Amino acid sequence: MSSTPTSVQPTGQSGESKKEGTSTEHINLKVVGSDHNEMFFKIKRTTQLKKLMDAFCERQGKAFNSLRFLYDGERVQPHNTPLELEMEDGDAIDVMVEQTGGCIQCC
Amino acid sequence: MSSRNSPERESISDDSTDQSPFRDPDSELFSYRCAGYSPIQIMGSDYNRLKDDDELNDNLIVFYMRYCLEKLRQNNENDAKRYYLFDSFFYQKLSDVNSRNRNKDKVYETMSRWIKVDLLEFRYIFVPVCEDQHWYLVQIINPAGIISNPPDCHIAVYDSIATKFKHSSAVRILKNLLIDYVKDVKGKTISKSVKIPHSIVKTPKQLNTVDCGVYILHFIETFMENSSVLEEKIIDKETEDDNWNPNSLPTKRQTILEIIKDIETEYQTQSC
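Chains as they are written, first to last, in our numbering: chain A, 26 to 132; chain B, 13 to 284.
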């Protein structure tokens, strides 16, 4: 818990804080891992999503360049902000693991 | 692994002018923009995969597909408008949602958020698929033709391995998505049991265990260069290896690497 960045707070559960949830400055985002586990983040609309991405990677112990963050199928760039992507409170970001293919198993 | 992480590693290639053959895996080389698509970030780790004769990843596949489309757009803008290229995660998500939901309406409801264009406006839709650590490619020719009776569209599968890989579920899942899409945007109901012509395109086969991604990129690029002839041959199941410009396949990986280097140089000059 001590490693949690102050500006991007995983909130644990959806709509945990009703008082803060009404703030228009912040937004609650659901980050859905490739294992279908969900993690909730509260982030300022004007904060770069890199903070959320870094926090997620750190919590999952994954390298940044091994994961992809997609918002409605569009790849999120680290410098994007929720405001820029017109994200709404409660929206989901899908996290996908890098896809690689040769044909080791099928040849 | 540690040696690949070092940008100072000596190159075994004959490219003596390249002083730093491998890139810092965590550095962003560039962010590539193709009109109509969100930018794709190419990292040092992506470059190193290509350089190191490693398997291609989603970043390289999506980048190069879009690079081919941009190249086509510069030569013939109207021709480029006929293509739509899905991200490589589209099929993965579709397949995952499909296997987790018995309620098929829910599948379409989820996936419709991922579809930002009018699919029926395009002549060719390319769907790169990564399954069981293998890349292959699905192409939907004339998607709007699914409304005709009998359907006047075609689903083609490109696969560079010689053994029979199972593509039937990808063909079925994509067909069902198209049927749901037509129902949603046109209000027209088509039976899921409708027969859509489909085929496995006869193409050159890969000679190693790592190049399937390189091959699908080559097939897309070759198709774009000669679509009028190839479309007919694919539908008539008459393609031969020679239709796919096989002579440039052995150097394809190097060609893609050189293109990435050029864009990297251009991008870094611009950001200075």
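Derived from the structure by calculation, the hints contain no laboratory data.
Keep in mind that this is a model prediction, so the values were computed, not measured.
Hints are not guaranteed to be accurate.
As the list claims (entries may be wrong) - Each pair of labels, with its calculated beta carbon distance range:
1. A:V122 <-> B:P51: 30 to 38 Å
2. B:E89 <-> A:V122: 33 to 41 Å
3. A:D60 <-> B:I271: 48 to 56 Å
4. A:D114 <-> B:N161: 12 to 20 Å
5. A:D114 <-> B:K249: 48 to 56 Å
6. A:D60 <-> B:K118: 18 to 26 Å
7. B:S260 <-> A:G115: 45 to 53 Å
8. A:D60 <-> B:T277: 22 to 30 Å
9. B:Q86 <-> A:N62: 25 to 33 Å
10. B:S205 <-> A:V122: 21 to 29 Å
11. A:D114 <-> B:K195: 29 to 37 Å
To be verified - Simulated pairs of lysine-lysine, DSBU-like, Cα-Cα distance not exceeding 30 Å:
12. A:K87 <-> B:K105
13. A:K55 <-> B:K116
14. B:K118 <-> A:K67
15. A:K75 <-> B:K128
16. B:K178 <-> B:K273
17. B:K200 <-> B:K83
18. B:K249 <-> A:K76
Using N, Cα and C, we set each Cβ at its ideal position, and we do this for glycine too.
Hints and how they fare:
1. A:V122 <-> B:P51: 30 to 38 Å: Given range 30 to 38 Å: violated, Cβ gap about 21 Å.
2. B:E89 <-> A:V122: 33 to 41 Å: holds (36 Å)
3. A:D60 <-> B:I271: 48 to 56 Å: Violated, since A:D60 and B:I271 (Cβ atoms, about 35 Å apart) do not stay within the stated range.
4. A:D114 <-> B:N161: 12 to 20 Å: violated (45 Å)
5. A:D114 <-> B:K249: 48 to 56 Å: For A:D114 and B:K249 the Cβ distance comes to about 52 Å; the hint holds.
6. A:D60 <-> B:K118: 18 to 26 Å: holds (20 Å)
7. B:S260 <-> A:G115: 45 to 53 Å: holds (49 Å)
8. A:D60 <-> B:T277: 22 to 30 Å: The hint (22 to 30 Å, Cβ to Cβ) is violated, given that A:D60 and B:T277 are roughly 39 Å apart.
9. B:Q86 <-> A:N62: 25 to 33 Å: This hint is violated: roughly 44 Å between Cβ atoms.
10. B:S205 <-> A:V122: 21 to 29 Å: violated (35 Å)
11. A:D114 <-> B:K195: 29 to 37 Å: Check passed, 30 Å falls within 29 to 37 Å.
12. A:K87 <-> B:K105: holds (20 Å)
13. A:K55 <-> B:K116: holds (23 Å)
14. B:K118 <-> A:K67: holds (27 Å)
15. A:K75 <-> B:K128: holds (24 Å)
16. B:K178 <-> B:K273: violated (36 Å)
17. B:K200 <-> B:K83: Violated. B:K200 to B:K83 sits at ~36 Å, over the 30 Å cutoff.
18. B:K249 <-> A:K76: This hinted pair is violated, its Cα atoms lying about 51 Å apart.
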